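Undergrad: Heads up: take any position in the sequence shown, counting from 1, add 25, and you land on the working numbering.
If you're looking for bench data, these hints aren't it; they were derived computationally from the structure. Bear in mind the structure is a predicted one, so any value in this text is a computation, not a measurement. Yeah, the Cβ is synthetic: ideal placement off N, Cα and C, and Gly gets one too. Take these hints with a grain of salt, some might be off.
List of simulated lysine to aspartate or glutamate pairs, DMTMM-like, C-alpha gap at most 25 Å [as the list claims (entries may be wrong)]:
1) K93 <-> E83
2) K93 <-> D262
3) K93 <-> D45
4) K93 <-> D130
5) K92 <-> D262
6) K93 <-> D65
7) K205 <-> D168
Pair by pair, the computed Cβ-Cβ distance ranges are [claimed, not checked]:
8) G257 <-> E43: 19 to 27 Å
9) L132 <-> E260: 33 to 41 Å
10) T124 <-> A99: 30 to 38 Å
11) G257 <-> G175: 36 to 44 Å
12) G175 <-> H140: 33 to 41 Å
13) L139 <-> G200: 20 to 28 Å
14) A100 <-> L41: 34 to 42 Å
15) D153 <-> A216: 27 to 35 Å
16) D168 <-> A95: 31 to 39 Å
17) G102 <-> G35: 17 to 25 Å
18) F87 <-> Q166: 18 to 26 Å
19) D153 <-> N39: 17 to 25 Å
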Amino acid sequence: MSTSSPGAIGPLPNSLTEPDGSAVVRVLSYNIRSMRDDTDALARVIGACSPDLVLVQEAPRFFRWRKKLARLAAASGQVVLSGGATASGPALLCSLRATVERTEDVLLPRTPGLHRRGFATAVVRFGDVRLGVLSCHLSLQQDERYAQGGELLECLAGLGTPHAVVGGDLNERPGGRTFKRLATALQDGWATRPWGAEQTSTPADPHQRIDAIFATEGVRVLGCGVPRGLPGVTEADLRRATDHLPVLAALRVPAS
26 MSTSSPGAIG PLPNSLTEPD GSAVVRVLSY NIRSMRDDTD ALARVIGACS
76 PDLVLVQEAP RFFRWRKKLA RLAAASGQVV LSGGATASGP ALLCSLRATV
126 ERTEDVLLPR TPGLHRRGFA TAVVRFGDVR LGVLSCHLSL QQDERYAQGG
176 ELLECLAGLG TPHAVVGGDL NERPGGRTFK RLATALQDGW ATRPWGAEQT
226 STPADPHQRI DAIFATEGVR VLGCGVPRGL PGVTEADLRR ATDHLPVLAA
276 LRVPAS
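Based on the sequences and whatever the hints tell you, model everything.
TA: This is the structure in structure tokens:
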């Protein structure tokens with residue numbers, strides 16, 4: 026399986042609800058660089074991935090940020106769930122398939138001189154499935170990033186759901202200690218069931234995986250990776266949309 030070059034890839038399971046009450050949920054994690062690039066291309070990429078949940082990093086945070094995020098959601102077939110400026114960047118979008126139980130934006134302690142970080146979180150239902158959701162964008166500074174990894178795991182446990190999914194820009198490769206901390210406590214989607222391409226940065230020269238989707242134990246990862254070659258996702262749009270590549274996963278989540 027290719028991990029870097031685009032081309033034809035096998036189909037990823039579509040969203041569905043099984044007779045046993047479990048659900049297949051499609052999750053997209055995407056750093057959108059405050060929508061400073063080609064928003065039309067960005068919306069086309071998101072729409073072509075047909076996600077049930079979009080875990081956004083670097084959502085707009087300043088002038089008319091709510092309107093900008095709402096426009097992106099509408100153009101890509103989603104609705105705004107939570108986050109944005111109120112979470113210091115991370116945000117959540119969802120399809121109408123999701124039923125929202127609650128949302129919470131979490132601001133993390135600020136290190137003087139560094140950008141404040143936060144989490145966008147929610148609890149959603151797909152039929153009989155209850156799922157915790159968290160979008161994150163971790164620090165560029167190593168020690169702060171490691172501490173945020175611990176806070177992420179505590180926040181995830183605090184959602185009180187039997188199953189959960191995390192997506193984000195970790196600003197670190199799989200060999201880093203924060204990435205390892207998360208991959209030890211959670212399933213790293215790409216490592217568990219690779220699909221598509223691996224490297225997420227940069228679109229023009231993908232050479233490192235710093236964006237990832239994780240799931241708690243009990244969730245079955247059906248496939249996870251960069252959707253290069255997915256029908257409707259063009260190389261031109263991936264390069265124009267933002268400075269990261271998206272990560273798409275299909276997860277089978279048991280009934281709660």
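Undergrad: All hints are to be evaluated individually against the structure, with a verdict given for each.
TA: For each hint, the structure was consulted:
Restraint check: the Cα-Cα separation between K93 and E83 comes to about 12 Å, which is no more than 25 Å; the hinted pair holds. At most 25 Å may separate the alpha-carbon atoms for a hinted pair to count; K93 and D262 meet this at roughly 19 Å. A threshold of 25 Å between alpha carbons decides the hint, and for K93 with D45 the separation of about 39 Å lies outside it, so the pair is violated. Note on K93 and D130: the hinted pairing holds, with a Cα-Cα distance of about 18 Å set against a maximum of 25 Å.
A hinted pair counts as satisfied when its Cα atoms are at most 25 Å apart, and K92 with D262 qualifies at roughly 22 Å. Annotation: proposed proximity of K93 to D65 holds, straight-line Cα distance about 12 Å (limit 25 Å). Straight-line distance between C-alpha atoms of K205 and D168 comes to about 14 Å, which keeps the hinted pair within the 25 Å bound. Remark: the range hint 19 to 27 Å for G257 to E43 is upheld by a beta-carbon distance near 26 Å.
Between L132 and E260 the CB atoms are about 37 Å apart, so this pair conforms to the stated range of 33 to 41 Å. For the hinted restraint 30 to 38 Å between T124 and A99, the CB-CB distance of approximately 20 Å leaves it violated. Checking the proposed 36 to 44 Å range against G257 and G175 shows it holds: the Cβ atoms sit about 38 Å from each other. With their beta carbons about 19 Å apart, G175 and H140 fall outside the hinted range of 33 to 41 Å.
Distance hint for L139 and G200: a CB-CB separation of about 23 Å, consistent with the stated range 20 to 28 Å. Separated by about 25 Å at the C-beta atoms, A100 and L41 break the suggested range of 34 to 42 Å. Checking the proposed 27 to 35 Å range against D153 and A216 shows it holds: the Cβ atoms sit about 28 Å from each other. A C-beta distance of roughly 36 Å is found between D168 and A95, which places it inside the suggested range of 31 to 39 Å.
The given range of 17 to 25 Å is respected by G102 and G35, whose C-beta atoms sit roughly 23 Å from each other. At roughly 23 Å, the beta carbons of F87 and Q166 sit within the given window of 18 to 26 Å. The hinted window of 17 to 25 Å between D153 and N39 holds, with their beta carbons roughly 18 Å apart.
Hint compliance for this structure: hints 3, 10, 12, 14 are broken, all remaining hints hold.
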